[in-house]
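Chemist: Sequence:
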Amino acid sequence: MTDNTARLTEIASAIGVPVETFTQPALRASERTERLTEIMKLIQAFETIEDAPARRRCITFVETTAGALR
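Each step along the sequence shown adds one to the number in my numbering, with nothing skipped, and position 3 is 5.
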């Protein structure tokens with residue numbers, strides 16, 4: 003492994019992304035588009051929830067899940 007590859011691997015690991023994020027720009031753009039689509043769907047669904055406690059449970063669920071994955 004070259005010094006540059008080792009550095010990229012270390013950076014990718016530190017920020018929680020695949021090293022390919024830095025080496026395959028087309029893949030990165032595609033993944034970003036998919037992620038933005040998912041974010042939009044999440045916001046649209048959340049917006050339809052009228053019950054305040056239910057919205058809070060949704061937020062807590064997402065925050066807990068995100069924290070568990072880090």
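In case anyone wonders, no lab produced these hints; they're calculated from the structure. Bear in mind that the values here come from a model prediction, so they are computed numbers and not experimental data. Every residue, glycine too, gets a C-beta built ideally from N, C-alpha and C. Be careful, since some hints might not be right.
Okay, the calculated beta carbon distance ranges per label pair [unchecked claim]:
(1) 69 / 5: 26 to 36 Å
(2) 5 / 63: 16 to 26 Å
(3) 66 / 6: 31 to 41 Å
(4) 26 / 5: 37 to 47 Å
(5) 9 / 55: 24 to 34 Å
Chemist: For every hint, state whether the structure bears it out.
Modeler: Quick rundown of the hints versus the structure:
no.	hint	in the structure
1	69 / 5: 26 to 36 Å	33 Å, holds
2	5 / 63: 16 to 26 Å	42 Å, violated
3	66 / 6: 31 to 41 Å	37 Å, holds
4	26 / 5: 37 to 47 Å	20 Å, violated
5	9 / 55: 24 to 34 Å	47 Å, violated
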